[in-house]
Amino acid sequence: AQSVTQLDSHVSVSEGTPVLLRCNYSSSYSPSLFWYVQHPNKGLQLLLKYTSAATLVKGINGFEAEFKKSETSFHLTKPSAHMSDAAEYFCVVSERDTGRRALTFGSGTRLQVQP
Amino acid sequence: GAGVSQTPSNKVTEKGKYVELRCDPISGHTALYWYRQSLGQGPEFLIYFQGTGAADDSGLPNDRFFAVRPEGSVSTLKIQRTERGDSAVYLCASSLRTEGDTQYFGPGTRLTVL
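In order, the protein sequence lines correspond to chains A and B.
With this note's numbering, the residue at position 71 of the first sequence is 71, and numbering never jumps.
With this note's numbering, the residue at position 81 of the second sequence is 196, and numbering never jumps.
Simulated from the structure, these hints should not be mistaken for lab results.
Just so you know, nobody snuck in bad clues.
Across the chosen pairs, the derived CB separations fall in these ranges:
(1) A:30 with B:173: 19 to 25 angstroms
(2) A:71 with B:227: 38 to 44 angstroms
(3) B:156 with A:71: 22 to 28 angstroms
(4) A:72 with B:156: 21 to 27 angstroms
(5) A:112 with B:168: 41 to 47 angstroms
(6) B:118 with A:70: 35 to 41 angstroms
(7) B:133 with A:66: 44 to 50 angstroms
(8) A:84 with B:122: 23 to 29 angstroms
(9) B:211 with A:69: 26 to 32 angstroms
(10) B:186 with A:10: 42 to 48 angstroms
(11) B:191 with A:115: 40 to 46 angstroms
(12) B:156 with A:18: 24 to 30 angstroms
(13) B:128 with A:110: 25 to 31 angstroms
With the C-beta cut set under 7 angstroms, the calculated list includes, among others, these residues of chain B facing chain A:
(14) 160
(15) 163
(16) 216
(17) 217
(18) 222
Only a predicted model underlies this, so the values are computations on that prediction, with no experimental measurement involved.
Ideal placement from N, C-alpha and C gives every residue a C-beta, glycine not left out.
One chain only, chain B, in its complex shape (with noise of 0.2 angstroms):
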């Protein structure tokens, strides 16, 4: 079936501008995750949504960054006042609560600000 998809794949933008970031989780999957990757770097958890709430947002790096499941599926990064070091991929991932903590990771969206 199909995985978990991200949009866009690369996204360039200025310093100052807010960014938006889509994730589509594997359907029936409930929990979904979103992580940053540095580069030459592990990837780093931001937030974890379970359903439509955020159950665990303690990685994320402060107040310009925020995400939304409103309904449950897919979710969206928000990032306000972007800095040259949210320059990062971030990454999407999703689980099926049957399956516990294994993820299934989306190919990620490059972000560059310029």
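So that you can see chain A by itself, here it is in the shape it has in the complex (with noise of 0.2 angstroms):
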């Protein structure tokens, strides 16, 4: 069965710093790892997609995440960040060599921006 734990519910950040949300994933076959952002109110939009092409993965607006088969890790970063960020982070995972087509979301974590 796949799982995903995502270490922070809560991360805050000044304007122009890193940002750093963690993710660590378990699953019994290749894994497609996902992250989505959700800002109030509005929809899931897909920030980045790893399938094994390149184990760091850019994304929109600035974002990537690396993902580290020995640390079953998958973190997502930023160099620097905007108000805009603030918003609800999922990390994802898909068993797509089962066939099975359920994503698999982590609790979240909401990522504050303080100016």
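Combine both chains into one complex, guided by the hints.
Following this line, the structure appears as structure tokens:
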């Protein structure tokens, strides 16, 4: 069975400082891993996706994530936070090799950006 | 192009009533998914359609929940005898076969059961 653990429920940073949102996964198969962002009262937006082509994945809005198989981690980073980055972030796993299409979401990390 | 749309955006109903929630996927997307997001939690999978058939309904919590996709496009999630615990945001997503497991989400329907 697959699962995702987001290690921080809340992260607060100052505008212009780096962002680190931590995620560990568990999967019996070769996983696909995603980060989605959810702004208040808006739908989930895909930030980036890992599918084994490259371990460092670049996404939208300056975000990137690195897949580390030895650590079963897929942490999300951004060099410099903007006020508009304040939102809920979800780490997500999919066991694509099994043919099962359901996504498994973490519990989310709420990012606050202080001026 | 247009994204996934869901109607209504908000639905308030009384305990015991029947509700229908609608999802219009992105044009050309053959796969459609329903998820439920309770307050303060990540979305949880309910059901997945490939074309008209439910390929995986393992996430439906009980037999009060049912979903259809009769023509392989629009889908309706139906909840009978609603309970207060059904209150949540119901999310729909769709995907293109050639993009594998990348899913595109709609804005959701917020269901409140009084």
